[in-house]
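Number of protein chains: 2
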Amino acid sequence: MAEILDGKAVSDFFKQEIAKEVLAITAAGNRAPHLVAILVGNDGGSKTYVEAKKKACKLVGFEGTVLYFPDTISQDELLAKVNEINDDPNIDGLIVQLPLPKHINENAVTQTIVPEKDVDGFHDINMGKLAKGDNSGYTSATPLGITMLLKYYGIETAGKHAVVIGRSNIVGRPMSILLSNSSETGNATVTLTHSRTQNLKDITLQADIIVAAIGQPNFVSADMVKPGAIVIDVGITRLDDSSKKAGWRLAGDVDFAAVEKIAGKITPVPGGVGPMTVIGLLYNTLQARKRQL
Amino acid sequence: MAEILDGKAVSDFFKQEIAKEVLAITAAGNRAPHLVAILVGNDGGSKTYVEAKKKACKLVGFEGTVLYFPDTISQDELLAKVNEINDDPNIDGLIVQLPLPKHINENAVTQTIVPEKDVDGFHDINMGKLAKGDNSGYTSATPLGITMLLKYYGIETAGKHAVVIGRSNIVGRPMSILLSNSSETGNATVTLTHSRTQNLKDITLQADIIVAAIGQPNFVSADMVKPGAIVIDVGITRLDDSSKKAGWRLAGDVDFAAVEKIAGKITPVPGGVGPMTVIGLLYNTLQARKRQL
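If you read the protein sequences in the order shown, they are chains A and B.
At position 255 of the first sequence the residue is numbered 254 (numbering that gives the first Met the number 0), and the sequence of numbers has no breaks.
At position 49 of the second sequence the residue is numbered 48 (numbering that gives the first Met the number 0), and the sequence of numbers has no breaks.
One or more of the hints may lead you astray.
Identical chains blur together in the list; that is why a pair holds if it fits in one copy or across any two.
Cross-link-like lysine-lysine pairs, in silico, DSS-like; alpha carbons within 25 Å at most [unchecked claim]: (1) 200 <-> 159; (2) 225 <-> 159; (3) 80 <-> 46; (4) 225 <-> 200; (5) 289 <-> 159; (6) 19 <-> 7; (7) 225 <-> 57.
Just so you know, these hints were derived from the structure itself, not from any lab.
Bear in mind that the values here come from a model prediction, so they are computed numbers and not experimental data.
The task is simple: from the sequences and hints, build the whole structure.
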């Protein structure tokens, strides 16, 4: 049976590490890091996410603010708010929870956040820096959190074959870059696969590390995994489940029950990548504060 | 024997296509596209490159200017010149030939060129747009020229396995992104390999398309290539050769004589990727002009 990569426990460890750094900052007479999240509309899932992020901020000693706007807000009003935060010297990081209502251009919002406060790493400049291996920017929180998890467990990436499934701008693409860059958490040979990939199984069977980020429950089956491989499951989908009190349960992109018998190490869902995404965000916000000091 | 992918002939075709577009622009009473190249110092190779680019500009009806500066120019003086060109409405594209003298920070220069005139595609914003599949930016000329060559020959990339050897910011990295993006010239499954890759031969033998961009003459040998594969050779190294009048000859990263017996299609060196790089640059400059109109 595979070793469980316990994102919950590791995130607790990193929270303590970050909290120590916050103490050092405030002990020196400086204000704590401050993260602002903007939430537009009433999506239940999105609200859960931003509240979790706010709670994590409090836990590590950050100031965490959530700004709620109705889904009737115009794009101009939202951009004005973003610009106001851009100019506020008491705010280090700003994230806008996606998705946004259809009348708002998400890319316009993302690109309006100044790169220095773009702790989600979605700005073109931060994506460009990542692609060039320039670590003066910010890396998308989920890929960053995954590399922190790998590092915590001493999982070597250099020279390994990593197969990333899914080419989204938020996970798959930056993950593929991060793992192949010349850096301590990179240097892997990376194959990026996606919906147009043929013979996917032939490719995943060669992987020392699999990162599944497609949003299709149980997509990665046991016959796709090389014995001993490290399997990172980014997927998190709500499936109807009448046996649960809530009426649903969370499912990852990996058929966990079957794959854990084959893999060497594996992340569960929930409790794997999810908590590490929050750590990636906190880490970026801490960096933003430290760069300002 | 492999079919030769004739970059010289294809570049002539594209030059004619671009020239037609220039005529349409000037016939409508607008000025022709204008590309400026800055060359610092006296490197013979660099001078050859920029003069070739200038000549290509003239051929397609662009205005082409080369600005020469001594290698004693300070970084501030160079940046001031870049800013002057940024502000000049009669210049559409600016490239600064690399490498620069050691006292000048290349990245500072590259990032000072406004993204709208960065027809080399080196600016963080253009690299970020590429990584996100946003085609409103500019793609590094060599990868762009290679995709134009593939397209000219009707070589399908979708669903194919492409292996890129080398992860440079100018070729390997953007090439890997371009081939895997969701676009007409992408949708390939891409493996990016580099100096830390283990068992490279096992990987290249699976490739339908190999792009070699490492700068090591004859690195790709026949036993690394699957019969029928498409082999793109980006390498261009001067090797001493007393049998040649010049005392040297150009060598690619591929052992051409041996690999052409195995491959399905192959680019020669010279006359393959080199001329297509110039086309990539002209194409970007034409786009810059058209976006301004």
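Q.
My question is about residue 225 and residue 200: at a cut-off of 25 Å on alpha-carbon distance, are they close within one copy, between copies, both, or neither?
A. So residue 225 and residue 200 pass the 25 Å test inside a copy (10 Å) and across (20 Å) alike.
- prompt: Between residue 80 and residue 46, at a C-alpha cutoff of 25 Å, which is it: within one copy, between copies, both, or neither?
  reply: within (19 Å within a copy, 50 Å between copies)
#### Entry: Homomeric proximity label, residue 225 with residue 159: Cα distance no greater than 25 Å
Classified as both: same-chain Cα gap 13 Å, cross-chain 22 Å, threshold 25 Å.
Exercise. Under a CA distance limit of 25 Å, which applies to residue 289 and residue 159: within one copy, between copies, both, or neither?
Worked result: neither (33 Å within a copy, 45 Å between copies)
Exercise. Between the shortest in-copy and the shortest cross-copy C-alpha distance, which are at most 25 Å for residue 200 and residue 159: within, between, both, or neither?
Worked result: both (18 Å within a copy, 14 Å between copies)
Alpha-carbon proximity between residue 19 and residue 7, which holds within one copy, between copies, both or neither at 25 Å:
Within one copy only: 19 Å inside a chain, 61 Å across chains, cut-off 25 Å.
### Query
How would you classify residue 225 and residue 57 at a CA-CA limit of 25 Å: within, between, both, or neither?
For residue 225 and residue 57, neither the intra-copy (41 Å) nor the inter-copy (56 Å) Cα distance is at most 25 Å.
Figure legend: structure checked against the earlier numbered hints; hints not met, in rising order: 5 and 7.
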